[in-house]
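Protein sequences, first through last, are from chains A and B.
In this text, residue positions in the first sequence follow my numbering: the first is 1, and each later residue adds one.
In this text, residue positions in the second sequence follow my numbering: the first is 1, and each later residue adds one.
Source of the hints: derived by calculation from the structure; they are not laboratory data.
It should be emphasised that the depicted structure is a prediction, and the values quoted were computed from it without experimental measurement.
Idealized CB from N, CA, C, for every residue including glycine.
Just so you know, not all the hints are guaranteed correct.
[Claimed, not checked] Facing chain B, a subset of chain A residues (Cβ under 10 Å, in silico):
no. : residue
1   : Q6
2   : Y36
3   : S49
[What the hints assert, rightly or not] Just so you have them, the derived chain A footprint on chain B, three or more residues with Cβ under 8 Å:
no. : segment
4   : 32-44
5   : 47-58
6   : 102-110
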Amino acid sequence: DQQVKQNSPSLSVQEGRISILNCDYTNSMFDYFLWYKKYPAEGPTFLISISSIKDKNEDGRFTVFLNKSAKHLSLHIVPSQPGDSAVYFCAASAIRFGNEKLTFGTGTRLTIIP
Amino acid sequence: DAGVTQSPTHLIKTRGQQVTLRCSPISGHKSVSWYQQVLGQGPQFIFQYYEKEERGRGNFPDRFSARQFPNYSSELNVNALLLGDSALYLCASSLAIGDNSYEQYFGPGTRLTVT
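Only chain A is shown next, with the shape it has when bound in the complex (with noise of 0.2 Å):
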């Protein structure tokens, strides 16, 4: 049972111009959502994260907006630039419930073109 969907794979886009990734998620439970890079052969570098009782995080290039009734996030990265290319993660938790356990979407790989 696959909580947290990353539906796109893949995602290329032109250097300069905004990458959209999507992010949804089935557990009602989940009230803390977070974004991670990952590069081949590192570990998951954190990138932003967004609480449950918020609707948008900003944090320079990069802004996570939340929408709780349709269970959705997205990680828009602007201007995109081509060190942005990697595999990002969605990964949420039930913070409220104590569990800070991390449950991961399956990725997408963002490919920024010079």
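Given chain A, work out where chain B should sit, using these hints.
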């Protein structure tokens, strides 16, 4: 400031053998979690430890065990290795449970190959 460190980087074992993987968290972090990532999948939760106590366990068999030491470092042990245990094993650390900061920071992982 050093990030999460893991050792060894790579490991090759034979079916039926036992393996121990090690992790040192970021200084000041008291919680350590272990994840398994197989090719094409996201990381899967194995264990979480906080202050040497197990705080969570994922859907893995009893062949998997872990512990946390007083200095907050951790070991993951896997007994009776199977071919399906071949994966990247990731360790993540976080500040503390209930500290209003829930980001987990990952190490580079240990690549385990079982032949």
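Query - Violated constraints from the hint list, given by number and in increasing order - result: The structure conflicts with no hint, since it agrees with every one listed earlier.
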